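Residues per chain, in single letters:
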Amino acid sequence: MAIQKICGIETEYGIVLRGTDDPNPIAASSVLINSYLHELERRSASAGAAPKVGWDFEDEQPGTDARGFSPLGAMAPEVETHLVNAVLTNGARYYVDHAHPECSTPECSDARSVVVFDRAAERILQTSMDAARRLLPAGQEIVVYKNNSDGKGNSYGCHENYLMDRAVPFGRIVSHVTPHFITRQIFCGAGKVGCEAGLGPDEVPFQISQRADFFEEEVGLETTLKRPIVNTRDEPHADAQKYRRLHVIIGDANLSEVATFLKVGTTALVLAMIEDEFLPREFAFASPVGALRRVSYDLTLRQPIALADGATVTALEVQWELFTRARKYADDVGLACVGEQVGNEVLRRWEAVLNGLESDPSALAGQLDWVAKHRLVDAYRERHGLEWGDARLAALDLQYHDLRPDRSLAARVGLERLTTDDEVERAMTEPPPDTRAYFRGKCLQKYATDVVAANWDSLVFDIGEEPLRRVPMMEPTRGTAAHVGSLIAASETSAELLERLGS
Amino acid sequence: MAEREQIRKSPSEKAEVEVDDAPATSEKGEKLKAELDDLLDEIDEVLETNAEDFVRSFVQKGGQ
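So the protein lines, in turn, are chains U and L.
According to the working numbering, the first sequence is numbered sequentially starting from 1.
According to the working numbering, the second sequence is numbered sequentially starting from 504.
Treat the hints with care, since some could be wrong.
So the derived list for chain L, only partly shown, Cβ under 7 Å to chain U, looks like this [to be verified]:
#1 K531
#2 V549
#3 F557
#4 Q567
By construction, these hints were calculated from the structure, which means they are not laboratory data.
Fair warning: this is a prediction, and the values are worked out from it, not measured in the lab.
Beta carbons are placed, not taken as given, at the ideal position from N, Cα and C, and that holds for glycine.
Bound conformation, chain U alone (with noise of 0.2 Å):
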């Protein structure tokens, strides 16, 4: 049985200092995440909770008992303190990657859920602008583009994370989930006017994907540069005997919900199959990376890509495939390891989508970024009477992804909404119930002053004993309301909570 698929998104922003000479972009996404931080301790100061704990880079972990937490006194953690790199209440990382901000959301137990978070996050970067404009010198201006190209050849990623099971052998892994990452563009590409891989505005005037362009590799270790299909970063995070953390990076950032939705959703449930060894065909293309830039290419969706076998299909005919066997798994395996009432509405809306992308793509307006932004685009275009390498356009293309809510073109497409604005807003400080993010929010929120630091699995905590003290948190799925809440309900002081969890 496939292990419930844990899963995130980091998403690394692009930002722009306006109203200076000397933009300088590390500077500026430092300043953007202190602002914020000054803003949590503002609001905080009647409470007295600053949750403003540094990154802890201690990843090296002894095993864990059964429970998944085993306070151990004997480890002195260094303290991280030269980097802006914050942990906040909900449970989400907030710091500076490769002159970015990056704000990775918490652990969560399914699509849904991330959605809710990836939001979240959005939220948090609104509310991180705003506070830099107060504390910004006059007439200069933050601005954050939630992208992944400046359109010159430089791109930055948005990673999704899936737990899987570490007796998987990753071979079956990257033949598997190759043929996924090729064709899933089509329903969560974020488009792009143009193209970054030395084609023309003639031979390519808008593509699926923002990403397509940048990947040159079908396996390997790289990020940032040579950038494969498959990373194979390993780096789980949790009781490494058990499990690995696939990292995809190969994904589009999404501004509309229905695209993050499907792209996590569908790809939680492929690494379940695969997992179960319930796909039963490979589609082994004959050139992976030339795959991906074709299906980008390609708004007819209708291009055949050549397999490896001499057979061609379309990413269409790829995508049913894997939805007919996804939902054969539904009926046969069960949905349990996505959450059953998740994974029948990834279900659903997989289908619905795919239908609408094979009869009629521009009904899909509402739910698709690639879509509604080549219907926007496109529309402009026709009314000004523009060709395609127009400035103009790819001013569009950008100003898309502007997360400022005035200035947003994302906002004003009419994208279809899958979360409600109060549960986002809670977002942006409670945790989820339901994953090992819950004990790290809630430890934030409740001991702040005694945790010093943290990292995706262990807090350290300073209760006024040498030495510090690690609690390590191996199991992802641990640390849950229903594990812990009543817990820390019932610990007034972080010393009562590591008693009772040492006990």
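Could you slot chain L onto chain U? The hints should help.
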């Protein structure tokens, strides 16, 4: 594969339905076009004023 064939029938079934619905579909098309026109009018007010400068100065460092 039988299941897949079954699924793939649905678009052609739908195509037949669309023929019956032709007047409604074109009405819907008109409505969509009107909405798109409104949208274009609306975004004109929020678009970057100098697209060329904006696009040229939008330079990011490569990330992951």
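These are the hints, each one checked on the structure:
Hint status for K531 of chain L relative to chain U: violated, with the closest Cβ pair at about 9 Å, above 7 Å. A hinted interface residue such as V549 of chain L counts as satisfied when its beta carbon comes closer than 7 Å to some beta carbon of chain U; here the least separation is about 6 Å, so the hint holds. A least Cβ separation of about 5 Å between F557 of chain L and chain U falls short of the 7 Å threshold, and the interface hint therefore holds. Interface hint status for Q567 of chain L: upheld, as the beta-carbon distance to the closest one in chain U is roughly 4 Å, under 7 Å.
In the structure shown, a violation is registered for the earlier hint numbered 1 alone.
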